[in-house]
Amino acid sequence: MKLRRPAPRRSPAVRSHSVRARKAQSRRAQLRELRSRMARPGAARPGGVPWPVVARSPAARRLGACLFLAVIAAVVTGPSGDADRPLAGIEGSFTPARAAGFAAGGLALWALSIGADRLTTRLRSAGHGAALGGGRLAALGGGAWVTPAGAAWASFRRGRWAAFRRGRWSAPAGNLALLAVAVAVPPLLSTAAQQALVSEIGIYALLALGLNVVVGYAGLLDLGYIAFFAIGAYTTAYVTSADAMPWHAPWQVNPFFALPVALVVAAVAGVVLGGPTLRLRGDYLAIVTLGFGEIVQLLANNADGVTGGPRGVFGLPPLSVDLPGVHYSWGLRPLPYYYLLVVLIVLVMVVFGRWERSRTGRAWTAIRQDEVAAEATGVATMRMKLLAFAVGASVSGFAGVVLATKQFFNPQTFGLQSSLLVLTIVIFGGMGSRLGVVLGALVLQGTAFLLRDTVPPADRYIYFGAVVILMMIFRPQGLLPPRGPRAPASPGPAAAPERPAVPTERAGAPGPAGPAASTEAAR
Amino acid sequence: MGSAEQISQLTIDGLMVGALYAVIALGYTLVYGVLQLINFAHSEVFMLGAFGGLFASRALVPAGATPSGLTSAGLVLFGLVAGALAGAAAAYALERCAYRPLRRRGAPRLAYLISAIGASLFAFNLAGKEFGRQSIPVPDLFTNGTVVTVLGAEISTQSLVIACTALAMLLAVDHLVAGTRLGQSVRAVAQDAECAGLMGVDVQKVIVVTFVLGGLLAGAGGFLYAMTFNASYTMGFVPGIKAFTAAVLGGIGNVRGAVLGGLLLGLVESFGGYLFDASYKNVIAFTVLVLVLLVRPSGLLGTRLGRPA
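Chains as they are written, first to last, in numbering that gives the first Met the number 0: chain A, 0 to 522; chain B, 0 to 308.
Note that these hints are calculated values from the structure, not bench results. Quick reminder that beta carbons are idealized off the backbone N, C-alpha and C, glycines included. There could be a bad hint or two in this list.
If we take Cβ atoms under 8 angstroms as the criterion, some of the chain A residues that face chain B in the derived model are [to be verified]:
{"id": "1", "residue": "86"}
{"id": "2", "residue": "88"}
{"id": "3", "residue": "297"}
{"id": "4", "residue": "305"}
{"id": "5", "residue": "309"}
{"id": "6", "residue": "468"}
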């Protein structure tokens, strides 16, 4: 007997949210389209597909995303407003010419992403697709824009380049080459560029290396990291100069001795902050450290009789060597400080490289991946987290010494934005990757420096914020992810090389995550 | 300690500010209840809502004029709605851009925090660029004067407006979460998202609704805040932290807890600011936050969303 099935009613309550329905978006949309075509032939528009289906199809969604991006880009790159005419910026962003241009850009992006997607699908069906990793991009509406180039790059990466990277001499050779560039190029640059190399790139690279221990190795989000930088700088002022701050040490020492002092003071501050707070879960820790950073800045600003308050600190003696027979002062030019920073950075990188592969480093990895499991297998989690905090803080203190001997600073130097900038560098470079964060500092800050005439310094952070979001969406492992067999995993599944090209849609929420939610179970 | 008048004045002021904190804290608490995540960008939603209300009321009120009577009531309502809508739009965009892509990938917690921080950095600097980096006052929507005197404390029109609106919103949200079908699904997702999905709750939709709801509240709260303290691109940070403190104090994920925590924090701050110094109000709030987190991380009322207090 032939059953006539009633047309399936599309009840909104059960349409798309059972766990099983978390298949790829496109497939679901296709099904829906088919179903609605079968169910309501009369409702079909002349085009053949009812409007809601068109509006919710992946292509339409992607069009929406691209146009949204275009609008955002128009506003971000547009003129700025001010308090008298606060809407002038937005109005100026959408003059007819600009609006048309950005709309065209959005459409072009859409077309490109759709086209790239088609190409990816075709290539994948031909067996090449897996290497492209386009799925992650496609899932968000970006599309693998440079698909043919991507294919070439993938085959290159799997071929000779991979063999070279696996080779015994590749790493030392590459590092030496980088170091040679780092040493040889700066003297050729302009003074302004050298200045930026010191105070915007070098110091931030050092800071990022320190934060990398906290965020990248141990997986603790520290938003008050810059406070240790401040502590290092003010400590230097305290021990090296009698008149820079109202409060000073009874005797003054050579700034080089400030390095160990600042290191110890910052590490102690790290332990003092970490002691009570590291028991907290990740997001609480973030907000408490944020508060700590604010309080340190507030104290530096308000304690006028101790720190000099908003006037800031200047006139510290520059770094100098006064040994019998050797006299050298770092003076005012940026280049000597640059080389000092290179030495410090290399030193820190080498030390952390050893550390990363030690028992301690493995303990940090364990804590980052699953704290409860780490605790259960005998890692002294509290002590290890404190250690990570103290190590990060001491590197930050180090950087503070260089800053203090190099240039003027005041409480404004140590704002929340600087903390977030360091975090941005770490995210951009690759959490857990030493070379990555240094390159991250170079690329981000270097770009900001090169574009200093087009993008005012205050507006840089708009782009930094966008960089953070985009990195978290498209490349959570960062520019240069940590490598090696025990690649410290960045948040996100990308650490696993052989993952399905289309990410599975997971439950809406990270599950019934209690305080003990395993942070990386999803991988 | 001062006289009875001072005490009652401090109490009134504290409750007024506390009501605002409570309104913002609800956004944190709702999102936390559903996602178990602190929405770091919530303070920017608050700020954008304030600007939304500000521009709406600037568009209607001519410079220098001070409306009165029913007109001002309408204007306040209009500003509130505009602020709430702006906040909701911001919250929705935030969810779409900074949260959903990560959720789709099943990213670890740290990733959400970081992308929310990125969104916050982006939003507030963009606002600084667009709207200027000085604070902008909301035009006068009513004549501000003393309405009643309670135990020597003067209650101004402004505090009355803020208190009434905040109260209305708090009651509405409480009803929404505790007594409607939508609230039921929010609570279901908060308890167990996976299971709620299996029972036919649209988890994705609930998450969006939660964000939008938080955004509505924060936007309206932002407008109220801006009426007193003006709007500026950095205005979100401090109230955001304080509202978060309030949410934790009451028990994060707990709607009534957020209200209680907000009012309490307002009082603590008001009296603490009087006892020490007004410039240390922020330090007081931070200290409260740290103490609560250390001593009783589950807050006063426990951390379950929607369970009756």
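Outcome of the hint check:
1. 86: holds (7 angstroms)
2. 88: Holds - the Cβ of residue 88 (chain A) comes within 8 angstroms of chain B, reaching about 4 angstroms at its closest.
3. 297: Given a least distance of 7 angstroms, the restraint on residue 297 (chain A) holds.
4. 305: This interface hint is violated because 16 angstroms lies over the 8 angstroms limit.
5. 309: This hint is violated: residue 309 (chain A) lies away from chain B, its Cβ roughly 13 angstroms from the closest one there, beyond 8 angstroms.
6. 468: holds (4 angstroms)
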